[in-house]
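A.B. asks: Required output: the full structure, derived from the provided sequences and hints.
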Amino acid sequence: MDSAIHISYLIAAGLFVLSLKWMSAPATARRGVLAGEVGMLIAIVGTLLRHEVVNYEWILIAFFLGSAIGVPLAYLMPMTAVPQRTALSHAFGALASALVGTAEYYRETPHGFVIVALVIEMLLGFLTFTGSLMAFGKLQEILPGRPIVYRGQNLINLGLLGLAAGFGVALILRPEQTWMFPIFAGLSLLFGVMLIVPIGGADMPTVIALLNSYAGLSASAMGFALDNKLLIIAGALDGSSGFILSVIMCRAMNRSFTNVLFGAFGQVQASAAVAEERPVRSASAEEAAEMLESARLVIVVPGYGLAVAQAQHKLRELYDSLTRRAVDVRFAIHPVAGRMPGHMNVLLAEADIPYEKLFEMDDINGEFAQADVALVIGANDVTNPAARHDKSSPIYGMPILNVDLARTVMVIKRGMSPGFAGVENELYYMDKTLMLFGDAKQFLTSMVKELAALRA
Amino acid sequence: MPFDESLLFVFMLAAFLGFELVRRVSPLLHTPLMSLTNAISAIAVVGAILVAGSSGASALSRVLGFVAVTASTINVVSGFLITDRMLKMFKKRDKDRR
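Protein chains in written order, with the working numbering: chain D, 214 to 669; chain A, 3 to 100.
Source of the hints: derived by calculation from the structure; they are not laboratory data.
Fair warning: there could be bad hints in the mix.
What the hints assert, rightly or not - Simulated crosslink set (PhoX-like; lysine-lysine; CA at most 25 Å straight-line):
| id | chain 1 | residue 1 | chain 2 | residue 2 |
| --- | --- | --- | --- | --- |
| 1 | D | Lys570 | A | Lys93 |
| 2 | D | Lys645 | A | Lys90 |
| 3 | A | Lys94 | D | Lys234 |
| 4 | D | Lys654 | A | Lys93 |
| 5 | A | Lys94 | D | Lys570 |
C.D. replies: Okay, structure coming up:
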């Protein structure tokens with residue numbers, strides 16, 4: 214029987230690896246989900262059949278309760294809220310991990326390497342739990358989204374982490390001193406909160422990915438404590454995935470981990486951005502529509518502002534009507550567009566824009582020079598040419614979309630306010646730039662109308 | 003229980019494998035990727051079941067295990083379902099449109 218269970222875990226681990234492999238391309242990705250589901254099912258059934266498991270009532274109730282919460286969470290969440298859902302699920306995963314660790318600790322007061330694994334599992338689990346809840350609160354706008362900073366913040370945070378880790382080490386050395394456990398847990402929980410307090414909206418993609426990594430590593434540590442290789446493998450896959458994604462996000466913003474966690478972006482420069490009034494050129498929807506109609510290649514640069522204005526579907530209409538007129542319309546997606554890695558792609562896919570029209574930064578940057586129009590909607594810092602040449606700019610060195618190389622640049626924007634980084638965008642003052650002032654959704658609507666009128 | 007260093011080997015190999023697999027995932031799919039790996043790491047449900055259901059479990063273990071099974075089940079169910087929901091939206095050109 215025992216070997217049958219081990220075989221079931223082996224099969225599940227294999228299916229999880231295949232699941233990630235098939236996730237690499239849209240054509241096979243849904244097969245990947247299926248592989249993951251089957252693997253999970255096999256592992257759960259295998260576990261329920263283990264001879265140690267004798268009480269089923271509570272487990273079944275928990276399955277039912279979890280499904281009752283999980284199904285609506287999956288189907289009712291709008292795609293704009295996927296980052297919040299992800300943060301919440303990191304919180305759940307980390308909570309499960311931390312609680313299992315707690316139960317194991319009180320069950321047998323473990324010694325040796327088991328307690329080492331448990332302490333790592335619980336430290337990561339507790340801090341990821343509260344940290345993810347904080348991230349959820351900020352993304353859901355229950356909590357203020359801007360970074361909250363105060364004097365000595367980094368010192369306090371490092372001190373807290375040091376203290377939590379210190380009690381963790383003490384628990385490893387003296388596991389039977391149970392009075393230390395609540396302090397250890399409390400400090401870890403508190404550190405999770407304080408870690409996210411100084412993080413602003415622009416850094417959320419990195420932080421979500423980082424929390425993803427922590428949640429995975431916590432599950433992996435649980436595998437060490439329980440001597441379960443399936444948990445180690447699944448947790449390691451999740452941990453490395455989250456780590457890679459956060460590195461990609463950091464690179465896309467030209468920042469280091471330490472800078473994201475201790476930097477509190479968006480505070481420093483906000484005051485410096487009181488620029489003099491400079492003239493800009495603006496255009497009406499009619500003029501813009503005419504230019505788009507006569508273009509051969511149009512590259513659209515969408516940012517999160519597009520989703521905030523709920524304008525994805527209007528953009529689709531514009532795409533349709535231009536495509537019908539044989540205009541080549543492509544979309545340039547910066548890695549940090551949206552609130553989590555890949556978020557913008559999902560938002561555009563939801564609006565029925567075919568995915569082969571969505572291009573990553575490195576693939577499309579060479580095309581801007583051939584584009585007749587670059588249409589920027591709700592994106593700001595990722596289009597600022599200052600990142601290429603202005604060494605004094607806080608965003609200097611950040612990889613950007615080379616929008617300024619297009620023949621004409623159009624920017625749909627409510628007003629002249631600066632972006633997340635609080636930096637003036639010199640793109641807006643270029644001679645070839647037309648500012649299209651207005652709400653993204655309304656402006657796109659009138660452009661679609663004007664295009665229809667042009668045809669008549 | 004003596005330390006079994008083969009666990010570390012398993013961890014190291016799985017982490018390297020994870021790096022190689024995830025590096026190949028198109029940035030197009032990074033959001034569904036994250037919800038998928040999230041669902042997969044909810045395999046922690048295995049540990050939670052053992053805590054909640056084993057014969058000698060104390061009342062504390064049962065309560066903690068119950069919450070842990072619930073939390074992981076939420077992740078398993080919602081993680082796989084929302085990943086699939088997102089992937090369904092990624093369509094090729096217009097002929098695939100409903």
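A.B. asks: Tell me, which hint numbers fail for this structure?
C.D. replies: The structure conflicts with hint 2 only, although it agrees with all the remaining ones.
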